[in-house]
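Undergrad: Next come the chains, spelled out residue by residue.
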Amino acid sequence: MPPSPQSGAETTLPSVTAVPGPRLAIRLDWLGIVPFMLFALLFLLLPTAFLMVGAFQDAQGHFTLAKLGLLLQGNVLDAYLISLEVSAASAIVGAIAGFALAWAVVHGGLPAWIRPSLLTFSGVAANFAGVPLAFAFLCTLGRTGLVTLLLQHYAGIDPYSTGFTLLSFHGLVLTYLYFQIPLMVLIVTPALEGLRKEWREASDSLGGTALHYWIHVALPVLAPSVLGASLLLFANAFGAVATAYALTGSSLNIVTILLYAQIRGDVLHDPNLGYALALGMIVITSLSSAGYLWLSARTQRRRS
Amino acid sequence: MKPASRAGAWLAIALGSLYFLLPLIATFEFSLRMRRESYSLEAYRVVLTDPGFQSAFGYSILMALLTVITSIVLVVPTACWIELRLPRMRPVIEFITLLPLVIPAIIIVFGYLRLYNSSSWLPLTGNERATDLLLICSYVTLSLPYMYRSVHSGLRAIDVRTLTEASESLGAGWFTTLAHVIAPALKSAILSGSFLTFAVVIGEFTMASLLNRPAFGPYLQLIGANRAYEPSALAVIAFLVTWASMGLIQVVSRNAAGAGAKRRLPGA
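In order, the protein sequence lines correspond to chains Y and F. The opening position of the first sequence corresponds to residue 615 in this note's numbering, with each subsequent residue numbered one higher. The opening position of the second sequence corresponds to residue 6 in this note's numbering, with each subsequent residue numbered one higher.
If you are wondering where the hints come from, they were derived from the structure by calculation, not from laboratory data. Incorrect hints may have been included.
Just the calculated beta-carbon pair ranges, DEER-fashion [said to hold, decoys possible]:
id: 1; chain 1: Y; residue 1: Glu807; chain 2: F; residue 2: Leu46; range: 38 to 48 Å
id: 2; chain 1: F; residue 1: Asn122; chain 2: Y; residue 2: Trp813; range: 51 to 61 Å
id: 3; chain 1: Y; residue 1: Gln671; chain 2: F; residue 2: Pro128; range: 14 to 24 Å
id: 4; chain 1: Y; residue 1: Gly777; chain 2: F; residue 2: Pro56; range: 15 to 25 Å
Calculated from the model, a selection of chain F residues having no Cβ within reach of chain Y, i.e. all distances over 10 Å [stated by the list, open to error]:
id: 5; residue: Ser45
id: 6; residue: Val51
id: 7; residue: Arg90
id: 8; residue: Leu91
id: 9; residue: Leu149
id: 10; residue: Leu168
Even for Gly, the Cβ is constructed at its ideal location relative to N, Cα and C.
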């Protein structure tokens, strides 16, 4: 929405005139957001900034890079690597599966009642994360889980004899997908609804094949929102604690569990490592979210 | 639509249903296995009569309600003010409300523990009531993306400027306008945000566990580590609570749409 010249003149007018009334009003305007800003400062911005600054300070408050050096230990690097892998795998698979489901209900020619059902269910499942989700998967694919037993009885396959365990990389990705896929469905459905049927008809009537349509029309239009959504899914998985902790205890070495153990003091307590771990996580989630914001700004510009 | 792509759509829905329904069925089936000889609701009986469950669940419900109230009081006036008086601050406020999706909860709570520990300038972790307050503030922070988005889209749907001008020309002050004109018009948006907040907060684990408060999330984790069948019953209960919250959002927004249509009819 382009700002109209009049509204611009209105906002600049009080600052050039010397009348005290409007100036006071302008200052009072800012009072209205003071409670919110104060809250955000105290409970969101300051705590985060405190950790980021703390990562570069020694005990006396001098600048140091020593804490960041702690990140280069083998088990810490491993933790970051596994976290990145789990987040990337669950984001990519979640994005593809979520896209397929959203596509199926928007453009798949299915009965009309399926779309609202899927969206409602996605709203529930995207928020059904944490400890109960871990329980649900233990009941499903744990050693005595229903699917494990069914596979043993009827298919003659014992997943656990093939080396599968839920308390592993694959198990964690499979569990994370339960909230990643619905999140993707919720984000990407509006984008798919924006894809006009006329474009497909235009492509078809010009002799284009399905492949032409996808490469030249659908994918270029959808790419920013799909990529952006994937980045959001990535950050979502990267910061998750409860599901992984309830599923694997401290046995899977991912970075959130390492930080959790550091804060609880379960392992050899080193507050410096905590700061460094936190900084690393903030950098990674900020980068992926910055990518998301940039891509969604591009999408909006194109739509307007 | 070509038959091939329709078959693909059915396949996607079938596979999706399998993936999403199997864990629910399995969890329910598991929760009935507590008595060896036959299916029973024994696990639910054990869970629901456990004083630990009652106190943890009660504590979390109380925290969730206080969170919802605080969040409404903080977000609704701010969102209205931004819309009416400070539209140029909208991007800044929106950015701040999205930050809790970017900064993981574990980082925020780690910051609290460092900034507000018992030897700091504001020792909020010093006693239990103050820590409860800190927990509520942490939950309000987590709820910002949901509450702000909900209220903001609600504000977009009504003509808040005209409503405010009408109210003020009749002599109403800012508070009267907010409480008696804007808030009722935003009722369904506020309720949607509230139910979503409730669903997010009720089983939250990270904040409660690291602030060492006896909430439902840490209780679930404790039971999960020590019992066999109770966790599945608890998972079913947690799923039902989430489902109920989301269902109420649907009901509320459908009612609002219906009421809006009715209200528009006579004018048309």
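Undergrad: All hints, please: hold or fail.
TA: Going through the hints against the structure:
| no. | hint | in the structure |
| --- | --- | --- |
| 1 | Glu807(Y) - Leu46(F): 38 to 48 Å | holds (43 Å) |
| 2 | Asn122(F) - Trp813(Y): 51 to 61 Å | holds (58 Å) |
| 3 | Gln671(Y) - Pro128(F): 14 to 24 Å | holds (21 Å) |
| 4 | Gly777(Y) - Pro56(F): 15 to 25 Å | violated (42 Å) |
| 5 | Ser45 | holds (16 Å) |
| 6 | Val51 | holds (15 Å) |
| 7 | Arg90 | violated (5 Å) |
| 8 | Leu91 | violated (6 Å) |
| 9 | Leu149 | violated (8 Å) |
| 10 | Leu168 | holds (17 Å) |
Checked against the numbered hints given earlier, this structure breaks hints 4, 7, 8, 9; the rest are met.
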